[in-house]
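**Student:** Given the structure of chain L, go ahead and fit chains X and C onto it with the hints provided.
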Amino acid sequence: MRQVLHRLLIATRGQGLVEITGEVSSWLAGEHISTGLLTVFCRHTSASLLIQENADPDVRYDLERFFDALVPRDPARYVHADEGEDDMPAHLRTALTQVQLSIPVADGRMVLGAWQGVYLFEHRSAPHRREIVLHLLGD
Amino acid sequence: MRQVLHRLLIATRGQGLVEITGEVSSWLAGEHISTGLLTVFCRHTSASLLIQENADPDVRYDLERFFDALVPRDPARYVHADEGEDDMPAHLRTALTQVQLSIPVADGRMVLGAWQGVYLFEHRSAPHRREIVLHLLGD
Amino acid sequence: MRQVLHRLLIATRGQGLVEITGEVSSWLAGEHISTGLLTVFCRHTSASLLIQENADPDVRYDLERFFDALVPRDPARYVHADEGEDDMPAHLRTALTQVQLSIPVADGRMVLGAWQGVYLFEHRSAPHRREIVLHLLGD
Chain L
1 MRQVLHRLLI ATRGQGLVEI TGEVSSWLAG EHISTGLLTV FCRHTSASLL
51 IQENADPDVR YDLERFFDAL VPRDPARYVH ADEGEDDMPA HLRTALTQVQ
101 LSIPVADGRM VLGAWQGVYL FEHRSAPHRR EIVLHLLGD
Chain X
1 MRQVLHRLLI ATRGQGLVEI TGEVSSWLAG EHISTGLLTV FCRHTSASLL
51 IQENADPDVR YDLERFFDAL VPRDPARYVH ADEGEDDMPA HLRTALTQVQ
101 LSIPVADGRM VLGAWQGVYL FEHRSAPHRR EIVLHLLGD
Chain C
1 MRQVLHRLLI ATRGQGLVEI TGEVSSWLAG EHISTGLLTV FCRHTSASLL
51 IQENADPDVR YDLERFFDAL VPRDPARYVH ADEGEDDMPA HLRTALTQVQ
101 LSIPVADGRM VLGAWQGVYL FEHRSAPHRR EIVLHLLGD
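Chains as they are written, first to last, in UniProt numbering: chain L, 1 to 139; chain X, 1 to 139; chain C, 1 to 139.
Note that these hints are calculated values from the structure, not bench results. If you're wondering where the values come from, they're calculated on a predicted model, not measured in any experiment. Treat the hints with caution; some may be incorrect.
To be verified - Quick look at which bits of chain X chain C covers, simulated, 3 or more residues with Cβ under 8 angstroms:
1. 33-43
2. 92-101
To be verified - A short list of chain L residues far from chain X (calculated; beta carbon distances all over 12 angstroms):
3. 7
4. 14
5. 20
6. 32
7. 79
8. 80
9. 82
10. 83
11. 84
12. 126
Said to hold, decoys possible - Among the chain C residues that face chain L by a calculated CB cut under 8 angstroms, a handful are:
13. 56
14. 97
15. 103
Note that CB positions come from ideal geometry on N, CA and C, so glycine has one too.
Next up, chain L with everything else stripped away, as it sits in the complex (with noise of 0.2 angstroms):
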């Protein structure tokens, strides 16, 4: 057994899902581990990674309209204001999704349904370079 650890940088253009499915699938492919644990680390704390529907682009955008709804840019709902109106509402969007997902890996390639992609959803307004660390075990 062995293991490998890889850094992604990924470009987002405002708050968003962006679909890192296959920059992952890509660096995988090229590991040759066929059986194992690939781990995906988002280290943010106002971005955070959602596996998700890949087909209807309406899901995204229900998806981010409903986060608005739920974890509103009032500013007169928080204290912590010091970053600007939108990252409390990333703290707490990140909060409510993950920063971590760990998937297993058969014949080489990630074990996702038919319909699930994964994203890194961006909730701060302006465009950032997030950095993913993927840690990947097998054999």
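**Tutor:** Positioned in the frame of chain L, the structure of chains X and C alone reads:
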């Protein structure tokens, strides 16, 4: 150290929590791994995983009702409607919970607390057959 | 490759976030694993885990207040009441966050971002002694 993959098919009866602790434990017991890490992965975007209280059935009832209120099945709220009125709420409830759980194994058993059970959370109205991938690593 | 299990007992002072980054890091440092995967598992259904901002204490205050509003301690909303008015909200807040985190390890340390801390989120009113299982795998 060795690893093993397994596929579990779980029949649901429509929306609600289905305890799968027994199925997972039974399989684990047969693998004779004393210390390790077990990852449970749900290959769907309208069903998810939860570790919840396994004692009072009222907890499950309240939990299902809470998610009904937090993510209403109200078609006026969502654009995505192709697969039925229960589909977009199912994606959102999946986003708010998890599709993956990793549980340490000690003495051949998951280290669940006394009141913790592993549940599959079906978010669609109709019964489904759900595919869960188990990845076990240890020795 | 080798693995090791450890049990951490954390005393909470009632509802709120307790940072455990230090306790986890200290244990990790003594294990001399350079590259690996660390899994943190909370054995409870009324306390959970979160990776959150570790700089401004206002973030924790806002986060606690947000969960108070999202999952009110209002007995009229829940059937389950056997263990006190704070118990069912505690289960729901646990469902909305996580009981497990897996964090890659590089150069002997968790690959946390500059602003990420690991927190135990106590959801009950009374102080509790919480049991966290750490599983570390690597070499």
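**Student:** Hint by hint, note whether the structure agrees.
**Tutor:** Hint-by-hint comparison with the structure:
1. Counting residues of the region 33-43 of chain X whose CB lies closer than 8 angstroms to any CB of chain C gives 3, so the stated coverage by that chain holds, three being the minimum.
2. Beta-carbon proximity to chain C at under 8 angstroms applies to 4 residues in the region 92-101 of chain X; the threshold of 3 is reached and the given coverage holds.
3. Residue placement check: residue 7 of chain L keeps its beta carbon more than 12 angstroms from all beta carbons of chain X (closest about 21 angstroms).
4. Under the 12 angstroms C-beta cut-off, the non-interface status given to residue 14 of chain L relative to chain X holds; the minimum distance is some 19 angstroms.
5. In this structure residue 20 of chain L is separated from chain X by more than 12 angstroms, as the shortest Cβ-Cβ distance comes to about 16 angstroms.
6. At roughly 16 angstroms, the least C-beta separation between residue 32 of chain L and chain X is larger than 12 angstroms, which holds for a residue marked as non-interface.
7. With a closest Cβ-Cβ approach of about 24 angstroms to chain X, residue 79 of chain L is found to remain outside the 12 angstroms limit, as its non-interface label requires.
8. For residue 80 of chain L, the condition that its CB be more than 12 angstroms from all CB atoms of chain X holds, with the nearest at approximately 22 angstroms.
9. Every CB of chain X is more than 12 angstroms from the CB of residue 82 of chain L (nearest about 27 angstroms), matching its label as outside the interface.
10. Interface exclusion of residue 83 of chain L from chain X stands, the closest Cβ pair being 24 angstroms apart, more than 12 angstroms.
11. Separation of residue 84 of chain L from chain X is adequate, the least Cβ-Cβ distance of about 24 angstroms exceeding the 12 angstroms criterion.
12. With a cut of 12 angstroms on Cβ distances, residue 126 of chain L stays outside the contact zone with chain X, its closest approach being about 23 angstroms.
13. Interface hint status for residue 56 of chain C: upheld, as the beta-carbon distance to the closest one in chain L is roughly 6 angstroms, under 8 angstroms.
14. A least Cβ separation of about 6 angstroms between residue 97 of chain C and chain L falls short of the 8 angstroms threshold, and the interface hint therefore holds.
15. Proximity of residue 103 of chain C to chain L holds as hinted, the smallest CB-CB distance being about 6 angstroms (cut-off 8 angstroms).
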